[in-house]
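Enquirer: One-letter residues, chain by chain:
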Amino acid sequence: MELKETILKNLKEKFPAVNFEETEFRGELTLTFDKKFVVEVCSFLKENTELQFNMCTDVTAIDWAKRKNRFTVVYQIYSLSHKFRLRLKCNVDESDCSINSVSSVWKSANWYERETYDMYGITFNNHPDLRRMYMPEDFEYHPLRKDFPLMGIPGSLPLPKKD
Amino acid sequence: MGLESKLKQDNFITTKLDAIIAWSRKSSVWPMPMGISCCAIEMMAAADPKYDIARFGSEVMRFTPRQCDLMIVAGTVTYKMAHVVRKIYDQMPDPKWVIAMGACTSSGGMYRSYNVVQGIDQFLPVDVYLAGCPPRPDNLLNALIQIQDKISRTKARDFPNKPLPELKVLQEN
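From first to last, the protein sequence lines are chains A and B. Start counting the first sequence at 13; every next residue gets the next number (our numbering). Start counting the second sequence at 73; every next residue gets the next number (our numbering).
Read the hints as simulated data drawn from the structure, not as lab findings. Be aware that a few hints might be false.
No more than 20 Å apart at the CA atoms, straight line, and that leaves these computed lysine to aspartate or glutamate pairs for EDC-like [what the hints assert, rightly or not]:
| no. | chain 1 | residue 1 | chain 2 | residue 2 |
| --- | --- | --- | --- | --- |
| 1 | A | LYS21 | A | ASP46 |
| 2 | A | LYS58 | A | ASP75 |
| 3 | A | LYS174 | B | ASP199 |
| 4 | B | LYS152 | A | GLU152 |
Construct the entire structure; sequences and hints are all you get.
Expert: Spelled out as structure tokens, the structure:
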């Protein structure tokens with residue numbers, strides 16, 4: 013059995029209540045599911061001996077601007093033993109702009125989630141140290157949101173005085 | 073400089089104090105290598121034997137601002153980094169000069185974006201702007217020569233002893 017089918021079979025057995033929407037593009041599998049189950053699904057994918065997705069290569073987000081679920085959080089994970097890449101997506105709405113942190117599953121997710129928080133303003137619940145990654149800590153905006161102007165908001169980033 | 077020939081003859085010269093101070097200043101411009109990104113590679117190349125910045129008396133790249141006369145800002149300055157650059161500039165003793173090396177430092181360059189300062193002259197007094205992305209080492213030497221010309225036109229009394237900026241100012245910046 014191909015690993016793709018193994019993943020789907022295992023997930024459906026373990027989480028019968030969760031609806032996994034699968035799409036495949038150029039041989040890469042993407043699973044979209046409810047954000048409530050993100051920690052359980054991720055730790056299952058990591059701990060299951062048949063799957064062993066033991067590496068989290070990236071966590072990022074997409075801002076769809078006008079869609080009902082404005083944001084999509086994207087997890088790129090990799091199974092070193094199976095040499096298999098998997099993409100997980102969870103929709104997050106602006107009214108409840110938060111998702112549970114997976115940094116307890118993969119330690120590398122810690123900084124990726126900080127970056128996503130900095131750039132998109134999505135809060136990661138139970139994150140050990142959710143500070144901004146790139147922008148100054150007192151910065152008020154989230155630059156990769158679609159409504160953020162390219163040249164920034166004048167006066168939001170102070171410069172030193174020129175004598 | 074033809075000084076050697078003078079030594080053989082009378083063994084002394086007459087000059088103005090301003091002239092000899094300016095001459096010694098311009099012949100030993102010690103740079104502060106503020107290498108922030110790729111321009112720093114060309115700045116390092118300017119110090120190698122092929123281009124040899126030592127010919128102009130500027131081979132002593134000091135990594136402490138206390139011993140520097142010239143700040144070569146080589147690379148993209150972000151809004152976060154601007155405060156660091158200014159803090160280092162404030163620690164340099166007077167008189168001091170600044171080269172804005174490359175397109176990014178002079179105008180933001182290709183980074184027309186919210187996070188890059190569109191020209192370091194918004195927070196630093198720049199003496200020479202240097203075109204190129206990155207500029208070639210000989211272009212940096214050209215900028216150094218222009219700084220030397222500028223120094224040779226100065227008078228010693230142009231630079232009175234200025235008190236160091238107060239700690240409060242440094243902390244604000």
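Enquirer: Would you mind marking each hint as holding or not holding in the structure?
Expert: Hints, verified against the model:
1. A/LYS21 to A/ASP46: 18 Å, holds
2. A/LYS58 to A/ASP75: 27 Å, violated
3. A/LYS174 to B/ASP199: 14 Å, holds
4. B/LYS152 to A/GLU152: 15 Å, holds
Hint violations for this structure: number 2 only, all remaining hints satisfied.
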